[in-house]
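Please construct the entire structure, taking both the sequences and the accompanying hints into account.
According to numbering that gives the first Met the number 0, the residues represented by the sequence shown are 0 to 700, in order.
Just so you know, the hints here were simulated from the structure itself, not pulled from any lab data. These numbers were taken from a predicted model, which means no experiment stands behind them.
Pairwise CB distance ranges (calculated):
| no. | residue 1 | residue 2 | range |
| --- | --- | --- | --- |
| 1 | 200 | 346 | 51 to 57 Å |
| 2 | 399 | 490 | 39 to 45 Å |
| 3 | 372 | 319 | 38 to 44 Å |
| 4 | 690 | 333 | 32 to 38 Å |
| 5 | 32 | 589 | 52 to 58 Å |
| 6 | 331 | 588 | 30 to 36 Å |
| 7 | 270 | 686 | 46 to 52 Å |
Ideal Cβ positions, reconstructed from N, Cα and C, are used throughout, including at glycine.
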Amino acid sequence: MAFVFDESSITIKTDFPHQVEKRTNLRISMADGCQLAADIWLPEDAEINPVPAILEYIPYRKNDLTAPRDSIRHPYFAGHGYACLRVDLRGCGDSDGVLYDEYLQQELDDGVAVLHWIADQPWCDGNVGIIGKSWGGFNGLQIAALQPPMLKAVISLCSTDDRYADDVHYMGGSLLASDMLWWASIMLAYNALPPDPAMVGKRWRKMWLHRLEETPPFIEKWLEHSRRDAYWQHGSVCENYTNIKCPVYAVGGWADGYTNAVFRLLANLPGPRKGLIGPWVHEYPEVATPAPGIGFLQECLRWWDQWLKGIDTGVMNEPMLHAWLQESAAPQSNYTSRPGRWIAEQSWPTRQKQHQYFLAAAEQLSPTESTPNQERIAQLSGSQLHGFYCGVWCPFGEEGDMAPDQQIEDIRSTCFTSPPMKQQTDYLGFPTVELVFSVDQPMAQVAVRLCDIPPSDAKQGSESRLVSWGMLNLTHAAEADASHAAPKLLVPDRIYKVTVQLNAIGHTLPAGHRWRVALSTTYWPHMWPSPTPVMLTLYSGCRLALPERRAQLTDEKLAPFGPPEIAPKMRIDTLRPASRQRSVTHDLVAESATLFNRSDGGAFRLRPTDAPFTDIEFGTIDEDRYTITEGDPLSAKVTCRRVILLGRNGWRVRIQTESRMWCDAEKFHVFNSVHCFEGEDEAEVEIFARESDFSTQRRFL
0 MAFVFDESSI
10 TIKTDFPHQV
20 EKRTNLRISM
30 ADGCQLAADI
40 WLPEDAEINP
50 VPAILEYIPY
60 RKNDLTAPRD
70 SIRHPYFAGH
80 GYACLRVDLR
90 GCGDSDGVLY
100 DEYLQQELDD
110 GVAVLHWIAD
120 QPWCDGNVGI
130 IGKSWGGFNG
140 LQIAALQPPM
150 LKAVISLCST
160 DDRYADDVHY
170 MGGSLLASDM
180 LWWASIMLAY
190 NALPPDPAMV
200 GKRWRKMWLH
210 RLEETPPFIE
220 KWLEHSRRDA
230 YWQHGSVCEN
240 YTNIKCPVYA
250 VGGWADGYTN
260 AVFRLLANLP
270 GPRKGLIGPW
280 VHEYPEVATP
290 APGIGFLQEC
300 LRWWDQWLKG
310 IDTGVMNEPM
320 LHAWLQESAA
330 PQSNYTSRPG
340 RWIAEQSWPT
350 RQKQHQYFLA
360 AAEQLSPTES
370 TPNQERIAQL
380 SGSQLHGFYC
390 GVWCPFGEEG
400 DMAPDQQIED
410 IRSTCFTSPP
420 MKQQTDYLGF
430 PTVELVFSVD
440 QPMAQVAVRL
450 CDIPPSDAKQ
460 GSESRLVSWG
470 MLNLTHAAEA
480 DASHAAPKLL
490 VPDRIYKVTV
500 QLNAIGHTLP
510 AGHRWRVALS
520 TTYWPHMWPS
530 PTPVMLTLYS
540 GCRLALPERR
550 AQLTDEKLAP
560 FGPPEIAPKM
570 RIDTLRPASR
580 QRSVTHDLVA
590 ESATLFNRSD
600 GGAFRLRPTD
610 APFTDIEFGT
620 IDEDRYTITE
630 GDPLSAKVTC
640 RRVILLGRNG
650 WRVRIQTESR
660 MWCDAEKFHV
670 FNSVHCFEGE
680 DEAEVEIFAR
690 ESDFSTQRRF
700 L
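Right under this line is the structure:
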């Protein structure tokens, strides 16, 4: 949980137009008596000269886990004439209640109530915006769809409009094995943390025990709802984009897991909207890697000034979309920067030429279709070990997150490679792969990788650079009446046609480079394997369609953003440095492989100067293990362990959780344990323990 960034490339602002006052741990009452905890930064004279307000509303504990990152943003906005609030969700941090799941109606209703409370305060002029990354980006859009009158604009970063098809749980109707249990186990540990006694007083223990006894493991509900039903439709703003009337600024990064939504929001929202995509991971752009970072807080101010203060900043006279068009780069497991250039689109979608290739015999990706219709061109039976080197689904910028050279994965796939490009070509948008196929099993999936192949090197051969990927549960798409809501079993040997949409790209393919499409019926650990090994046969008519972008005269003159600026980060003492281990081991006797990830977030002491209580300490250690055996899809297993330490001045707690997920042919099985301790060293006492087992039917998975 370390908040580390390269401060040498960022301007630390200390001189602002307004002096800033911080008010700590205010209590906002909900209709049922539950109180939410909030910190507020605002101009000192706001009671006399009311200002617009900006809300960030998330579950990640304002008093400790997010305090360092909050310190660089909210004072910055407040110094420019805004009241900025960081509110802990119900059941999180120092707020009352229990968090039963993501994005429940209670969460959204509470958010609307918070907006009403803000608008009624003497320091607020009645205009409010919401900003948030990830969870806060999701619920910002969801609250906007409820149309509270005081909400005038939203900035949504690294978020989604579709909770089923494009989030941490399922992707293309396939279970996202790399992240579903991982994320559920993170929330299992976070939800087990107590409120801070310094903030809530003597009732902290009663609040904590209630939270521990009542909070369920989120994974159980997510597994039960394996189809796109009302559970996932709730909170998916794509169900009715027209519900969002206020202006939306959608922000993402090519290395992030949520960038697809930026394009959909621009194409479908009815009101004022803008999009921004950089090379970044799952982080705010002023501190994100890979470089270049941008002056994102200044860009936010232009947006807020336009919509909350009524100042014409010119932000809506500019192109709808700014994107960093990435150049081809050697594969690395960690990038500090990505070469490229800024481009702009006046609107989205834009008219594009589809650059097509056809999958042909002899593993060729041909510019022309010359094979007779429905002639067999390939068969693939995926290796269960395919996917270990394909990188993290949603990187946060830790070392080892990115996909290395894909040659090892290409060997475990069926690949089709194009001739060398005659000229450099730019691409922006969604690649698609249309497949004409049959399978030998009633349940099957397919994973598709798109790789950039540079000219061969005499010593090393040719690298394979992962550009995009996608996966599809074929029971959700092959039959004419099949869907994510109503899957249909496949008829073995029947010929079907489906389209697999890959993740959006912004990529320049140089002359001499080639495209490669790699196909497999397996993709562990991203895709939980089908219960039986699958043989998939491809027929002629399969094709790759790439969204070719035509260069524009304005591109060369484009320099849309200034350098990064932030407010001073609070003082942080490092008690244990952060570290990362990520490795793949292969048991040659058992023919099994394991991906092991250990993220030691480090341990820190926070030393804020603007809070009544200081010196809180916290530390995190996460371990995740993904194992599978060649030829045995039922051997798939995920284990996630978490340790969180929290305390100050003699008060110490330790949270320890373990989550395991495995399967048989009919069911998924999950084990969760939570153990909570209080005290230090030999005086530590276990005050809560719970272990639970859960099983549910496999439904077309």
